[in-house]
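Protein chains in written order, with numbering that gives the first Met the number 0: chain D, 0 to 85; chain A, 0 to 271.
Think of the hints as simulated: they come from the structure by calculation, not from any bench.
Just so it is clear, CB atoms sit at the ideal spot from N, CA and C, and this is done for glycine as well.
Errors might be hidden in some of the hints.
Here are the computed lysine-lysine pairs in the PhoX-like style, where the Cα-Cα straight-line distance is at most 25 Å [said to hold, decoys possible]:
(1) K17(D) with K76(A)
(2) K69(D) with K110(A)
(3) K69(D) with K206(A)
(4) K194(A) with K17(D)
(5) K224(A) with K194(A)
(6) K247(A) with K69(D)
(7) K128(A) with K69(D)
(8) K206(A) with K247(A)
(9) K206(A) with K17(D)
For the chain A half of the interface with chain D, some residues (derived, Cβ under 8 Å), not all of them [to be verified]:
(10) H173
(11) P222
(12) R236
Here are the chains, one letter per residue:
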Amino acid sequence: MRPASQILSESFLEVRAKLLEVAATLDRIERSGSAGDALSADAEEQRAQLDTAIRILLDNGADRAERLQKLFSREYESNWRQEMDL
Amino acid sequence: MDYIDPHIHMVSRTTDDYATLARMGCVAMSEPAFWAGFDRRSVDGFRDYFHQLTEIEPNRAAQYGIQHFTWLCINAKEAENVSLSREVIAMIPEFLDCPNVLGIGEIGLNKNTRNEATVFLEHLELAIKHDQQILIHTPHLADKYQGTRMILDMLCDDSRIDPSRVLVDHVEEHTVAEVLDRGFWAGMTLYPVTKCTPDRAADMIEKFGGERLLANSAGDWGPSKPTAVPDLIFEMRRRGNDESLTRKVVYDNPIAFFSQSKNFSFKERDVK
Ligand SMILES: [Zn+2]
């Protein structure tokens, strides 16, 4: 595997650009919201999900991608067959 | 590097794509039956489609030196129509002896409904009865985790299913470990929009080591990139990974998996 510093320096500009996209999108939502167009209940939920995702990014560990995937996933219930009567 | 795309829908691609893929090192491909972008109205619609998959596409591919294999089923989206699904499942054996048919696929779930699960289980019966390998579609986005777990439940509950003859496709970071842990083959789909990028696929290869791991483009009629596997090869090389690890994922593993099907008559390129 390549050294951590190398991975970081090689991807720095790309990650910087992606973060800017996120920041600008959130700004856009904010601008429209403060112009009087409040978020619907569904959109509020999505907005909260994005906040949780951003907090996951700030955590430690090498499983952030997996944790984001799970955050954006519907729950699995092991008794689904009984529920579906299958 | 010679490579095999184990999941690509060439009926939706142009002949120019065959030419490009050949130039990029694609020597073989497998094409699972899938949704055509509209619901077919009768079993004859599927019969024509299977004719296209077993006769027309292999010839089109052969013109570019690419060996074409296929998988037959009614996909999860159209499986919502259970009676049509049963007609299609009853008709599939007409095609199982065609020389390029590797098995039943891509079966799976889409919205994780009862009808989809019912038709999935009936496809499993078909595969078992005819000793066929299985290629599985897992749902996308929010439905993927739940749907993948449901599919694994159904597969693991049936002791007649041999996990080493089943490929579970479209795995991502939250589903890959479970698929591999339970002994199945796992396919990463490199899609530009909703699914895994070459970077993230390379991460999964580095993390899991390439055992029973495959990569595909799932190129179809939607936004997709048929040359995504060469993008992954390039990313692996850029990172300085061993060529042998990359070759294992994009070439050796598809051959090892497909070789369990009696119809896999692949001839390696003579590289003398
Ligand atoms: Zn597909």
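Now the hints, each set against the structure:
Restraint check: the Cα-Cα separation between K17(D) and K76(A) comes to about 34 Å, which exceeds 25 Å; the hinted pair is violated. With a CA separation close to 17 Å, the supplied pair K69(D) and K110(A) stays within the 25 Å bound. Only pairs whose Cα atoms come within 25 Å are accepted, and K69(D) paired with K206(A) is accepted, the gap being roughly 18 Å. Under the criterion of a C-alpha separation no larger than 25 Å, the hint pairing K194(A) with K17(D) is consistent with the structure, at around 17 Å.
Only pairs whose Cα atoms come within 25 Å are accepted, and K224(A) paired with K194(A) is accepted, the gap being roughly 12 Å. With a C-alpha separation of about 29 Å, the suggested pair K247(A) and K69(D) falls outside the 25 Å cut-off, and the hint is violated. With a CA separation close to 36 Å, the supplied pair K128(A) and K69(D) exceeds the 25 Å bound. Taken as a hint, the K206(A) and K247(A) pair is honoured in the structure, with Cα atoms around 15 Å apart against an allowance of 25 Å.
Taking the CA atoms of K206(A) and K17(D), the gap is near 24 Å; set against the 25 Å cutoff, the hint holds. At its closest, the beta carbon of H173(A) sits 4 Å from a beta carbon of chain D; the interface hint therefore holds under the 8 Å criterion. Proximity of P222(A) to chain D is violated relative to the hint, the smallest CB-CB distance being about 19 Å (cut-off 8 Å). Given the 8 Å rule on beta carbons, the hint for R236(A) is violated: about 12 Å separates it from the nearest Cβ of chain D.
Hint compliance for this structure: hints 1, 6, 7, 11 and 12 are broken, all remaining hints hold.
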